[in-house]
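Asks: Next come the chains, spelled out residue by residue.
Protein chains: 2
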Amino acid sequence: MEDENVTSTPSTPVQRLRHRKRSSTEVFADGDRVNASPLLVNDRNKYKSFMVRTYSTLWMIGGFVLIVYMGHLYITAMVVVIQIFMAKELFNLLRKAPEDKCLPGIKQLNWHFFFTAMLFVYGRILSQRLANTVTADQFLYRLVSGLIKYHMAICYFLYIIGFMWFILTLKKKMYKYQFGQYAWTHMILIVVFTQSSFTVANIFEGIFWFLLPASLIIINDIFAYIFGFFFGRTPLIKLSPKKTWEGFIGASVTTIISAFVLANIMGRFPWLTCPRQDLSTGWLQCDADPLFKAEPFTLPAWIPEWFPWKEMEVLPVQWHALCLGLFASIIAPFGGFFASGFKRAFKIKDFGDSIPGHGGITDRMDCQMVMAVFAYIYLQSFIVSQSVSVDKILDQILTNLTFEEQQALFMRLGNMLKDKAMMGYS
Amino acid sequence: MEDENVTSTPSTPVQRLRHRKRSSTEVFADGDRVNASPLLVNDRNKYKSFMVRTYSTLWMIGGFVLIVYMGHLYITAMVVVIQIFMAKELFNLLRKAPEDKCLPGIKQLNWHFFFTAMLFVYGRILSQRLANTVTADQFLYRLVSGLIKYHMAICYFLYIIGFMWFILTLKKKMYKYQFGQYAWTHMILIVVFTQSSFTVANIFEGIFWFLLPASLIIINDIFAYIFGFFFGRTPLIKLSPKKTWEGFIGASVTTIISAFVLANIMGRFPWLTCPRQDLSTGWLQCDADPLFKAEPFTLPAWIPEWFPWKEMEVLPVQWHALCLGLFASIIAPFGGFFASGFKRAFKIKDFGDSIPGHGGITDRMDCQMVMAVFAYIYLQSFIVSQSVSVDKILDQILTNLTFEEQQALFMRLGNMLKDKAMMGYS
Numbered sequence: 347m348e349d350e351n352v353t354s355t356p357s358t359p360v361q362r363l364r365h366r367k368r369s370s371t372e373v374f375a376d377g378d379r380v381n382a383s384p385l386l387v388n389d390r391n392k393y394k395s396f397m398v399r400t401y402s403t404l405w406m407i408g409g410f411v412l413i414v415y416m417g418h419l420y421i422t423a424m425v426v427v428i429q430i431f432m433a434k435e436l437f438n439l440l441r442k443a444p445e446d447k448c449l450p451g452i453k454q455l456n457w458h459f460f461f462t463a464m465l466f467v468y469g470r471i472l473s474q475r476l477a478n479t480v481t482a483d484q485f486l487y488r489l490v491s492g493l494i495k496y497h498m499a500i501c502y503f504l505y506i507i508g509f510m511w512f513i514l515t516l517k518k519k520m521y522k523y524q525f526g527q528y529a530w531t532h533m534i535l536i537v538v539f540t541q542s543s544f545t546v547a548n549i550f551e552g553i554f555w556f557l558l559p560a561s562l563i564i565i566n567d568i569f570a571y572i573f574g575f576f577f578g579r580t581p582l583i584k585l586s587p588k589k590t591w592e593g594f595i596g597a598s599v600t601t602i603i604s605a606f607v608l609a610n611i612m613g614r615f616p617w618l619t620c621p622r623q624d625l626s627t628g629w630l631q632c633d634a635d636p637l638f639k640a641e642p643f644t645l646p647a648w649i650p651e652w653f654p655w656k657e658m659e660v661l662p663v664q665w666h667a668l669c670l671g672l673f674a675s676i677i678a679p680f681g682g683f684f685a686s687g688f689k690r691a692f693k694i695k696d697f698g699d700s701i702p703g704h705g706g707i708t709d710r711m712d713c714q715m716v717m718a719v720f721a722y723i724y725l726q727s728f729i730v731s732q733s734v735s736v737d738k739i740l741d742q743i744l745t746n747l748t749f750e751e752q753q754a755l756f757m758r759l760g761n762m763l764k765d766k767a768m769m770g771y772s
Numbered sequence: 347m348e349d350e351n352v353t354s355t356p357s358t359p360v361q362r363l364r365h366r367k368r369s370s371t372e373v374f375a376d377g378d379r380v381n382a383s384p385l386l387v388n389d390r391n392k393y394k395s396f397m398v399r400t401y402s403t404l405w406m407i408g409g410f411v412l413i414v415y416m417g418h419l420y421i422t423a424m425v426v427v428i429q430i431f432m433a434k435e436l437f438n439l440l441r442k443a444p445e446d447k448c449l450p451g452i453k454q455l456n457w458h459f460f461f462t463a464m465l466f467v468y469g470r471i472l473s474q475r476l477a478n479t480v481t482a483d484q485f486l487y488r489l490v491s492g493l494i495k496y497h498m499a500i501c502y503f504l505y506i507i508g509f510m511w512f513i514l515t516l517k518k519k520m521y522k523y524q525f526g527q528y529a530w531t532h533m534i535l536i537v538v539f540t541q542s543s544f545t546v547a548n549i550f551e552g553i554f555w556f557l558l559p560a561s562l563i564i565i566n567d568i569f570a571y572i573f574g575f576f577f578g579r580t581p582l583i584k585l586s587p588k589k590t591w592e593g594f595i596g597a598s599v600t601t602i603i604s605a606f607v608l609a610n611i612m613g614r615f616p617w618l619t620c621p622r623q624d625l626s627t628g629w630l631q632c633d634a635d636p637l638f639k640a641e642p643f644t645l646p647a648w649i650p651e652w653f654p655w656k657e658m659e660v661l662p663v664q665w666h667a668l669c670l671g672l673f674a675s676i677i678a679p680f681g682g683f684f685a686s687g688f689k690r691a692f693k694i695k696d697f698g699d700s701i702p703g704h705g706g707i708t709d710r711m712d713c714q715m716v717m718a719v720f721a722y723i724y725l726q727s728f729i730v731s732q733s734v735s736v737d738k739i740l741d742q743i744l745t746n747l748t749f750e751e752q753q754a755l756f757m758r759l760g761n762m763l764k765d766k767a768m769m770g771y772s
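Protein chains in written order, with our numbering: chain X, 347 to 772; chain D, 347 to 772.
If you're looking for bench data, these hints aren't it; they were derived computationally from the structure.
Mixed in with the good hints there might be a few duds.
Copies of the same chain look alike in the list, so a pair counts if it fits in one copy or across any two.
As the list claims (entries may be wrong) - The calculated lysine-lysine pairs, modelled on DSS-like cross-linking and capped at a C-alpha distance of 25 Å, are:
| hint | residue 1 | residue 2 |
| --- | --- | --- |
| 1 | 442 | 522 |
| 2 | 764 | 693 |
| 3 | 517 | 639 |
| 4 | 738 | 394 |
| 5 | 517 | 394 |
| 6 | 495 | 447 |
| 7 | 434 | 584 |
| 8 | 434 | 656 |
| 9 | 639 | 519 |
| 10 | 517 | 584 |
| 11 | 764 | 738 |
| 12 | 693 | 522 |
| 13 | 442 | 519 |
| 14 | 453 | 518 |
| 15 | 453 | 766 |
| 16 | 639 | 584 |
| 17 | 434 | 522 |
| 18 | 453 | 584 |
| 19 | 447 | 584 |
| 20 | 518 | 584 |
| 21 | 693 | 518 |
| 22 | 656 | 518 |
| 23 | 495 | 517 |
| 24 | 495 | 766 |
| 25 | 522 | 584 |
| 26 | 442 | 693 |
| 27 | 517 | 442 |
| 28 | 693 | 517 |
| 29 | 639 | 434 |
Everything numeric in this text was worked out from a predicted model, so none of it was measured.
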């Protein structure tokens, strides 16, 4: 145990930093070099970095495409695996081996909270779909409905167990460390876990709403890197000395254009655009939402003067994609700045070392998390609520009410509508 | 500025501690004396402490009763005021005056996050009632409905502003302090603010659901103190050396009995039991929920042998009150232990000094917050969902859907019910 903690896996920030320094061939890929030459174009180390990073990027993109092709459940599984890795990286970050030895069970407690959070968040997101999946079997359906009904109480109960466990295992002279760990665990669960879980909510509204935002972040990252690599001269922000204005602007333009184009391409596959109402992996069919039906768009007057185009076919979703593109290129990078600042504040180079040339998984996910939340809120506020809230309420009625209650609701709604119609209210 | 920070209001934990020590007449009321005599009965200081604490307790109870009498909106206002005081106490706790001087706006940023959280949480809890309040005015109704629809997006936008503000004001060499403050603010908002806001959700389900849990915590506190005062000999937990097993057990029994009795008394006032569907303060009437209708209860066989009673009248809600009483006396005190442990870990005596003999407001609210969340989850899981979910869904339909959508929903629900009835599904 001891030598594992000290030599091979460094477990405190300081040890971690030393460990990094020892492996001198390692490349500094992610803007954490403090004395970076202002002329990034002439940086030597960066060619090697470029190759390493390109290889692992290509591998990741390949795996990603395969998983998207396999469908909602597989993407969800991928998200969960990433979340577990991130939690592991982050839990380890503030852990101190000598203190942990005096505190048996502190690791398990972290994971207890993690799985409670998981049950709570995924329960909220997926309960409806789970209920839809098991409707065929009366017994299972009643069981699942019951679990859903008491979902909040069950999670609360689990949380209270963790809370009491924490208090009853408080040890004199360790209070500060233990409270620090408690706060840290909760921050991770909220900032990292809960944020990234919005991804799953997006997936089931249609893979489109997961794939487009995630792709835009990747595109923005790649092009910020490429533009910075070839043209980078003006540093952007002190927090990340390797980021340049050239990279930022080049990437923004590319990302916004890509958003418009990608939305048009992705919007043509029902596999991507249809929401999934259950947890199966089978084929997906739906009436295309008007968002994904091509409409003619008259181009501004000056274009026909120069080009032979007067009109083009546009899917309405492409306008929404522009908003996503704008956010992905202007606001989401702040997620990365936040992570950089955090790493500087606590003097760590990367959150982990799982991906060659990229650092830990958490290092790659910082902007993705910000984007996932935005995509969710955008989708729920400006898209879903406009089109399918009737379906949502119907779903609610069918899952939560008994047959008698459904009938009662039907009668009362009927009476209300009659009254309104008579009052001329519309 | 400077002398205010240094002399009159101590702003770091250490300064705060020194400040406390100087005022030597101050009583140590809340279990933070490290060298407490094991025989608490013979403690001298405690008689003075007892008087101070009794006076302020009586004042608080008087004010509390008046506010409850005035109604939902006033109670809500009281909760909000308490929350603001708590946030103030807690924000100040980890603040360091010299660092703050180099960071203009760091205070405002904390309050920006606080009010964003407030808008978010209260928006979720009260939006439905707000919409009900303004139905008379068509224009206002549409405005409020619109705001409710984009409530999540608005709050997210405000949050993002705070997030970018934070990142853009990061200053070299201050990173660690600033990230610490950021994390601390978020912990306060989640642990203290969000938890305590559940109280408001309870209030509008019926003052009963706020008043009974809050009273049980107060009763448990008072009787733990009284029993500990007169009989306390066996220390309960190292975290709070003034807490004794005698106090704990005496208080538990008293609290559980009080819960049963109080529920019977409170359950007879429609002012306390009726839920309020809007934000007015007017008179309240409703058909009594079956929970509050007396039922005969046959006493166990051995009682009639000794006493002249065979049956008694019980409101069904009294059985639920027993659960609340159990929680208030067994689990909720862990909220207090948590606060004690936290104070020990960071070497502070009290979170503030607003209430003579009690410490800060936060010191009195620790168990209340745990209780409020429990009451909310208990209410939603085991009580509300059983009785009024038809009303809830109807509310949702009337606020979120247009008249046409309401009609569409009515038709589809009708068809579904017809199909089910034909299948013999019930």
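Asks: Is it within, between, both or neither when you check residue 517 against residue 639 at 25 Å Cα-Cα?
Replies: neither (63 Å within a copy, 49 Å between copies)
Asks: How would you label the pair residue 442, residue 519 (within, between, both, or neither) given a Cα cut-off of 25 Å?
Replies: both (14 Å within a copy, 24 Å between copies)
Asks: Have a look at residue 442 and residue 522 and pick one of within, between, both or neither, based on CA distance no larger than 25 Å.
Replies: both (13 Å within a copy, 18 Å between copies)
Asks: Treating 25 Å as the Cα threshold, decide for residue 738 and residue 394: within, between, both or neither.
Replies: neither (52 Å within a copy, 61 Å between copies)
Asks: Cα distance capped at 25 Å. Does residue 434 pair with residue 656 within a copy, between copies, both, or neither?
Replies: neither (55 Å within a copy, 61 Å between copies)
Asks: If the cutoff is 25 Å on CA atoms, where do residue 517 and residue 584 land: within, between, both or neither? Let me know, please.
Replies: between (41 Å within a copy, 9 Å between copies)
Asks: Measure nothing new, just compare the shortest in-copy and cross-copy C-alpha distances for residue 764 and residue 738 to 25 Å and report within, between, both or neither.
Replies: both (23 Å within a copy, 20 Å between copies)
Asks: Quick one: residue 442 to residue 693, C-alpha cut-off 25 Å, is that within a copy, between copies, both, or neither?
Replies: both (15 Å within a copy, 21 Å between copies)
Asks: For residue 453 and residue 518, with the copy left unspecified, which applies at a CA distance of at most 25 Å: within, between, both, or neither?
Replies: Only inside one copy: residue 453 and residue 518 sit 18 Å apart there, 33 Å across copies, limit 25 Å.
Asks: Within a copy, between copies, both or neither: where do residue 639 and residue 434 come within 25 Å Cα-Cα?
Replies: neither (43 Å within a copy, 53 Å between copies)
Asks: For residue 693 vs residue 518, is the C-alpha pair at or below 25 Å within one copy, between two copies, both, or neither?
Replies: Answer is between; shortest inter-copy Cα gap is 13 Å, intra-copy 29 Å.
Asks: Indicate which option fits the pair residue 639, residue 584 if close means a Cα-Cα distance not exceeding 25 Å: within, between, both or neither.
Replies: neither (45 Å within a copy, 67 Å between copies)
Hint compliance for this structure: hints 2, 3, 4, 5, 6, 7, 8, 9, 15, 16, 22, 23 and 29 are broken, all remaining hints hold.
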